[in-house]
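Generate coordinates for the entire structure from the input sequences, incorporating the hints supplied.
Residue numbers (my numbering): 143 to 699.
Treat the hints with care, since some could be wrong.
Calculated cross-link-like contacts (lysine to any residue; reagent style SDA-like; alpha-carbon spacing at most 25 Å) [unchecked claim]:
1. Lys559 <-> Thr683
2. Lys300 <-> Gly576
3. Lys232 <-> Ala480
4. Lys324 <-> Lys232
5. Lys348 <-> Lys300
6. Lys333 <-> Ala480
7. Lys348 <-> Ala284
8. Lys232 <-> Thr380
9. Lys182 <-> Gly336
10. Lys468 <-> Thr178
11. Lys348 <-> Asp369
12. Lys468 <-> Pro512
No lab work stands behind these hints, which were simulated from the structure alone.
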Amino acid sequence: MAERNCFIRQFKLAVAAALLSLLAACAGPAPDVRATVEVKLLAFNDFHGYLTPPFSGVRQIASDPAGVRTLIPAGGIEHLATLVTTLRAKNPRTALVSAGDLVGASPLISSFFDDEPTVQAMNRIGLDFNGVGNHEFDHGSAELQRLQNGGCEADGCKSGMAFEGARFGILAANVVVRETGKPLLPAYGIKTFGDIRIAFVGATLKGTPALVPGAGVAGLDFIDEADAVNRLVPELRTQGVETIVVLLHQGGAQRGGNYNSCVGFSGPVVDIARRLDPAVDVVVSGHTHQAYVCQMHGKLVTSAGSYGRLLTEIDLSIDPQSRDVKAARAVNHVVATALPKDPAMTEIVSRHAALAASLEGRVVGRISAPISALADENGESELGRLIADAQLEATVANGAVVAFMNPGGVRAPLPYKGGGEITYGELFSVHPFGNMLVTMTLTGEQILQILEQQWQRERPRPLHVSRGFSYEWNGNAQPGQRVVPGSVTLNGKPLDRAASYRVTVNNFIADGGDGFPAFVQGEQRVVGITDIEAMIDYLRTHSPLSRDSGPRVRRVE
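Next comes the structure, spelled out in structure tokens:
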């Protein structure tokens, strides 16, 4: 009897086990509690109001043995919006972010309307956050806050329509109002995907005051980028944040020919990434206008070049329990002009293009060949030399004998098309700042100091000089000793350290901008016309304008 009962119990257990197995099979495999949450970030930087495609596309080294570079036409908000929509469709958990210089140094279609069209386009495209860059301060903190909060200037909005302001957050963790000690703008924003909270922290380069007019940063302090981010980590963790993305307007450069490579990387972002708290997972960088995808000090570091020609797709795999990032991958996509145009963006572009057409399309002169803004091995560019010549010619009546032009103020080349006609809009793309020309008196000794200061800044780029001024420099010498002794001449005569010279520059570097404090020593200042007016006058006198092959500056080693 006992054996029979034991048999019955074993039979029932076997049947129960079989039923459980069958039910499990019907229900499918047991869920993996360790499965990650996938989040997508779409990122760009240094857009600079380029609602329409820039003159330059994206250069890519082909895979053939010769390594031929191909140029892919790229950029424009109509095509960028289409690519954003396409990539968003791959994952409903997506954030769109920018790492600074969203506006500033913009083409006429944006800057003529105080960059309101760019903000409107970014509202439509669904931008979540923009980490502030140096160019957001070109017109001062009050104007930056107007772009965030909306409203028109005292004389109204130039588009004739109300301006609502940015629906996205403009972030700046390291910009502090000196008088109050409080941040000028929110330091970070948080986007939530279910139980996953991701913090986006904005920071611009601490050297911003040297890159914008003094009035633009008056009363503000720019603190160390890594320090500003790191001190926020405990606060973010108390809010349940374990995924931190820094929108950093500072970067670096690589020697690879591919916009997705990271070969021979160097630049300020390397040290910043090293010092950032390990809690930081991703750094979307910018400022240098270079493109790269790097793994650096345990962090993914990316950049999408500039002018909306590339878009970075970042995929994060996040542990739902710990909320830590388990994997981070990125790829830069070309925003090819072959992509369809987004109709909503076309409406914005067309409306503002029509409003600006009479000014933008006005022909101001002619050129006989394309004039490049790219620096050669000596540090000069064809267009930079011509701009310096135009500024000298415009200020001869003020006693000027030489003019210097900072390369950062030359924003675009002059393309040759339509028989060489140059329009006001094309010239405005070269000179978008509206800087005034300032003629001052400097000694020969002070001019030598200025020349040496070219290599004492974060990103050394020699000044463009006007015709008649020349010198040699040694790239292997120590900073402060690079100008070859006795090589500086003006109109064929050696520069006299004790003599006085009348020098013309724009008001930005006249006030020490771009890392040239010696210009501040200039005396007997006379303010002249704007840089773009000087170039228009020069084109009118010299059309068709030919490029000057130079060189005026020569690197000897």
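Structure-based check of all given hints:
1. Pair hint Lys559 plus Thr683 holds up; C-alpha atoms about 20 Å apart against a cutoff of 25 Å.
2. The suggested pairing of Lys300 with Gly576 holds, with an alpha-carbon distance near 17 Å, which does not exceed 25 Å.
3. Taking the CA atoms of Lys232 and Ala480, the gap is about 21 Å. The hint holds against a cut of 25 Å.
4. The straight-line distance between the Cα atoms of Lys324 and Lys232 is roughly 40 Å, outside the 25 Å bound, and the hint therefore fails.
5. Of the pairs offered as hints, the one joining Lys348 and Lys300 is violated, with about 33 Å between alpha carbons and a cut-off of 25 Å exceeded.
6. Using a Cα cut-off of 25 Å, the hinted pair Lys333 and Ala480 is violated, with the two alpha carbons roughly 32 Å apart.
7. At most 25 Å may separate the alpha-carbon atoms for a hinted pair to count; Lys348 and Ala284 meet this at roughly 20 Å.
8. Note on Lys232 and Thr380: the hinted pairing is violated, with a Cα-Cα distance of about 31 Å set against a maximum of 25 Å.
9. The suggested pairing of Lys182 with Gly336 holds, with an alpha-carbon distance near 14 Å, which does not exceed 25 Å.
10. For a cut-off of 25 Å, the pair hint linking Lys468 to Thr178 stands: about 8 Å separates their Cα positions.
11. Restraint check: the Cα-Cα separation between Lys348 and Asp369 comes to about 11 Å, which is no more than 25 Å; the hinted pair holds.
12. Our distance criterion of 25 Å between C-alpha atoms is broken by Lys468 and Pro512, whose separation comes to about 49 Å.
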